[in-house]
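Asks: Could you build the full structure based on these sequences and the hints that come with them?
So the sequence lines, in the order shown, correspond to chains A and B. In this text, residue positions in the first sequence follow this note's numbering: the first is 1, and each later residue adds one. In this text, residue positions in the second sequence follow this note's numbering: the first is 1001, and each later residue adds one.
These aren't lab readings, by the way, just hints derived from the structure by calculation. Predicted, not measured: the structure shown is a model, and the values here were computed from it. There may be inaccurate statements among the hints.
What the hints assert, rightly or not - Cross-link-like lysine-lysine pairs, in silico, DSS-like; alpha carbons within 27 Å at most:
#1 B:K1002 / A:K2
#2 A:K2 / B:K1035
#3 B:K1002 / A:K35
#4 B:K1035 / B:K1002
#5 B:K1035 / A:K35
#6 A:K2 / A:K35
2 protein chains.
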Amino acid sequence: MKFCSLCGGAISQHIPSGDNRLRYVCTQCQTVHYKNPRIVAGCLAVWEDQVLLCRRAIEPRRGYWTLPAGFMENSETMLEAAARETLEEARARVCDMDLYTLFDLPHISQVYVFFRARLADLDFAAGEESLEVRLFREADIPWSELAFPTVGRTLECYFADRVAQTYPVRNEPLEALRAHYKHDKKI
Amino acid sequence: MKFCSLCGGAISQHIPSGDNRLRYVCTQCQTVHYKNPRIVAGCLAVWEDQVLLCRRAIEPRRGYWTLPAGFMENSETMLEAAARETLEEARARVCDMDLYTLFDLPHISQVYVFFRARLADLDFAAGEESLEVRLFREADIPWSELAFPTVGRTLECYFADRVAQTYPVRNEPLEALRAHYKHDKKI
Chain A
1 MKFCSLCGGA ISQHIPSGDN RLRYVCTQCQ TVHYKNPRIV AGCLAVWEDQ
51 VLLCRRAIEP RRGYWTLPAG FMENSETMLE AAARETLEEA RARVCDMDLY
101 TLFDLPHISQ VYVFFRARLA DLDFAAGEES LEVRLFREAD IPWSELAFPT
151 VGRTLECYFA DRVAQTYPVR NEPLEALRAH YKHDKKI
Chain B
1001 MKFCSLCGGA ISQHIPSGDN RLRYVCTQCQ TVHYKNPRIV AGCLAVWEDQ
1051 VLLCRRAIEP RRGYWTLPAG FMENSETMLE AAARETLEEA RARVCDMDLY
1101 TLFDLPHISQ VYVFFRARLA DLDFAAGEES LEVRLFREAD IPWSELAFPT
1151 VGRTLECYFA DRVAQTYPVR NEPLEALRAH YKHDKKI
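Replies: Written out as structure tokens, the structure is:
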């Protein structure tokens, strides 16, 4: 950040009075420009004993499998964001959505939020950001070709919870994600 | 937003190709500047049968009672943000933190996240953004003087869940917040 988005003045980095961290501050109009984490919202969409995965058509991790998810937009709820991303990436409609997993990724200032949902019908297809969209049984999950650890961990939780038929909301720290997610070392 | 924060060029609003919503786009370097919801994280800190509330020293809702909470910063987790805000606003340390309530406020593009926590000791005091910090028993909660519906609803949930001694994570839609929170009509 080099210029003030309000007045075009030069930006300097300093700690404003009453604050305790470096901020981007306009040298002209004194506006403080805050930077905050972003929420990535998505769905674990289930059809009978199968889950819906998308193969990514875009970087990062092009060609790898993911749960449909993307950045939450202003003026929407987390649930709306998750449903919209599922529609955009998998052309799929979901219902019976319940908050399921939340992961902090402080190293990239993101929070991942997945909803467990029921796929409304089998009318799905690859959206613009997907190469392919498919249903997978547990035995067929491409564990070594998943795009992100948050996706793998959410799938692990789901298949474990499905046995007990109880799905508590999970907010695991990054350390747990690192320790428990055995299939991907890329965190 | 009038100027590009990267190059200082003029900003125009249009829908970039491959996108479906109005964005701030630089007319000079073509950078798209996204705006995303912010997370407000806080704590419901409990000491025996009492909960910790802060009377706000700042607007909005100066003079009203709130749970310690504030904007999550880059490079921290939701839990770290909630603990930091509790330290800043109530000079209080918490432990045994568990995710408890999440509320979407799409009209102001915020997501509120409260952790249920145990107050580590009675060494607390008003931070810079608080006029006063106090413990309250359920019967003494100043319901009509609470700062925000998210605070009131979290307290309602807590006192109800405390009876059953089970505290499920709650992600209620705004409609539920409006319908269920009887003490404040300001949503």
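Asks: Checking against the hints above, which ones are violated?
Replies: When the structure is compared with the hints, none of them turns out to be violated.
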